[in-house]
Amino acid sequence: MLQSLRENRRWQGFLLILPALLVLGLLLVLPLGLTVVTSFAQRDVDGNVIYTFTLGNYWRLLGFTETGWDDLYLKILLRSLALALQTTTVVLLLAYPLAYFIARAPQRRRNLLLFWVLVPLWTNFVIRIYAWVMILRSQGVLNSTLGAVAGLVDLPWQPLDLYPSQSAVLIGMVYEFLPFMILPVYTSLEKIEPALYEAAADLHANALQTFWRVTIPLSMPGVIAGTILTFVPVIGTFVVSDILGGRQVILVGNLVQRQFLDARDPPFGSAASIVLLGITLVLTLYYTRRFGLGEEIAAG
Amino acid sequence: MSQPRQSPWLAALSGLVYFFLYAPIVVLIVFSFNVSRTNVVFEGVVNQGPCGPFYWYCELLQNRSVADAARNTLIIAVTSTAVSTLIGTLAALALQRYEFFGKKSAETALYFPMVTPEIVMGIGILVLFSALFGWVNSMLPPGLRLTLGLGTVIVSHIAFSIPFVTLVVRARLHGFDSRLEEAAMDLGAPPLTTFLRITLPLIAPGVLAGAMLAFTLSLDDFIITFFTTGPGATTLPIYVYGLLRRVVTPEVNALSTLWILVVLTVVGLSQWFQQRE
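Line by line, the protein sequences are chains A and B. The opening position of the first sequence corresponds to residue 1 in my numbering, with each subsequent residue numbered one higher. The opening position of the second sequence corresponds to residue 1001 in my numbering, with each subsequent residue numbered one higher.
Hints were generated in silico from the structure; no laboratory data involved. The reader is advised that the hints may include incorrect statements.
[To be verified] Derived Cβ-Cβ restraints for the label pairs, each shown as a range: (1) B:Leu-1180 / A:Arg-247: 56 to 62 Å; (2) A:Thr-65 / B:Trp-1009: 51 to 57 Å; (3) A:Phe-115 / B:Cys-1051: 28 to 34 Å; (4) A:Trp-116 / B:Trp-1009: 19 to 25 Å; (5) A:Val-29 / B:Cys-1051: 49 to 55 Å.
[To be verified] If you want the ones that stay clear, here's a sample from chain A, every Cβ over 10 Å from chain B, calculated: (6) Tyr-58; (7) Asp-71; (8) Ile-76; (9) Arg-79; (10) Ala-82; (11) Gln-158; (12) Asp-161; (13) Leu-189; (14) Lys-191; (15) Ile-192; (16) Val-214; (17) Gln-248.
[What the hints assert, rightly or not] Which chain A residues face chain B? A few, computed with CB under 10 Å, are given here: (18) Gly-13; (19) Leu-26; (20) Val-49; (21) Phe-115; (22) Leu-118; (23) Leu-178; (24) Val-256.
Even glycine gets a Cβ: it sits at the ideal position worked out from N, Cα and C.
Hey, can you work out the whole structure from these sequences and the hints?
Next up, the structure:
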């Protein structure tokens, strides 16, 4: 037996990956299976789960209630989706120029420029959001700075009412996930051979044509990786909306969290969670099929 | 070819993005010296007690809950990094160097967590543990009840770190020359010796990079910890989140500043060592 194991590379490979598959099976696949089962269950008045099959939780998400149709939960789903798309777009628009700038900087300076993109990530996720509370609140840093400037140049000035609001949530999300886009886009851009730019110039392409026909297509793997690395965490978040939205901006993440911790309705929370997973998987699958698989996720 | 000149507009735009990235951090640090306890408006530099302007830092260091949270955070990060690096590296070796039945599906399964929103994974694990503990505890005497705590957080962190470690190690394995191993075997080295003397030193930078990533992910994690933690297992992010819902004194800013300094020092040192080699 041992002898054949030593000879047989198929078995060796399988044994090496077995621990990883066991851990993921027990802590990802099994939990997801249980979540699906729970989403078809009911709860009793004490919040205990009763395992009788019902589609009720999903109907409730769609808006069918005992008192008629209510689009409360559909609105939450749409709001999360819209906010995730907005965040990803803004992040891409901010990250691309910076990634391009770093990729075309002199070789010896690139690593340092990239290092400074990473440093904010090493502060803590929760702390980064708290910093935005300090900046955006009515008497915060932004308003006092703008107020001081307006006073200097003698302009009328109304403090911005940004916190808590959906705009504050958007700003916080963009801030949280910007580095996740910069890194993979940079990796793609950095790989482009300078000879390609020379060839484009030889063929009389102007700067805009070169950018459109050479740079953008060749940076797509990075853009795809960055988009997934941004979109997936954003659509499921509840922390940013909780802190910067001041409990007014309710996203799917908040809905799920409350069902488990406040409302004590795990079956309904499970259904919402499964719908969230479904939306995420369908969108990322469609996106990767449409534009190719993002190899550069590894860079992030 | 000489580098094409960068457009000044692009440089200015990049400067603005860097400003956006750093403004919040500067604000955090400056407000850690605020005299105002409510910390809404900067009312001047604190100068109180033996610590003077570092008053909030001294308060922080005397805070028992912070010390406990810091200890828990470190225990979780170190343990989960060690285990996930080992398991993730083995998986990377398997995927990069071996052919086996079901390899394609194993690969898909391994990268599935990366497209799963964290909250879905978090509540899934919560559902699993509540079901499991409910069942086990009904058979145990009251003194021996299982609850959520350090153990549940650690295994969850191991689970979400493995795919990232595998991905990073695999990328480094890409250019690996397996003829070196064959040469060692030809010279009579047993498989274990070959692995320890040839394979491991060659893949060490990749393994280290994977471990660094796992460590950072664990330190930074909020969502999965939030759902799998229990009494006595508060981590720093959970502690700060709890404070945010009540009154936030400049102590939190002092904590943030120290956090940044510690991480910068660790990363700076590791970079310095890598450059020296």
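We went through each hint and held it up to the structure:
no. : hint                               : in the structure
1   : B:Leu-1180 / A:Arg-247: 56 to 62 Å : holds, 59 Å
2   : A:Thr-65 / B:Trp-1009: 51 to 57 Å  : holds, 54 Å
3   : A:Phe-115 / B:Cys-1051: 28 to 34 Å : holds, 32 Å
4   : A:Trp-116 / B:Trp-1009: 19 to 25 Å : holds, 20 Å
5   : A:Val-29 / B:Cys-1051: 49 to 55 Å  : holds, 52 Å
6   : Tyr-58                             : holds, 16 Å
7   : Asp-71                             : holds, 23 Å
8   : Ile-76                             : holds, 14 Å
9   : Arg-79                             : holds, 15 Å
10  : Ala-82                             : holds, 16 Å
11  : Gln-158                            : holds, 18 Å
12  : Asp-161                            : holds, 15 Å
13  : Leu-189                            : holds, 13 Å
14  : Lys-191                            : holds, 14 Å
15  : Ile-192                            : holds, 12 Å
16  : Val-214                            : holds, 13 Å
17  : Gln-248                            : holds, 15 Å
18  : Gly-13                             : holds, 3 Å
19  : Leu-26                             : holds, 8 Å
20  : Val-49                             : holds, 9 Å
21  : Phe-115                            : holds, 8 Å
22  : Leu-118                            : holds, 8 Å
23  : Leu-178                            : holds, 7 Å
24  : Val-256                            : holds, 6 Å
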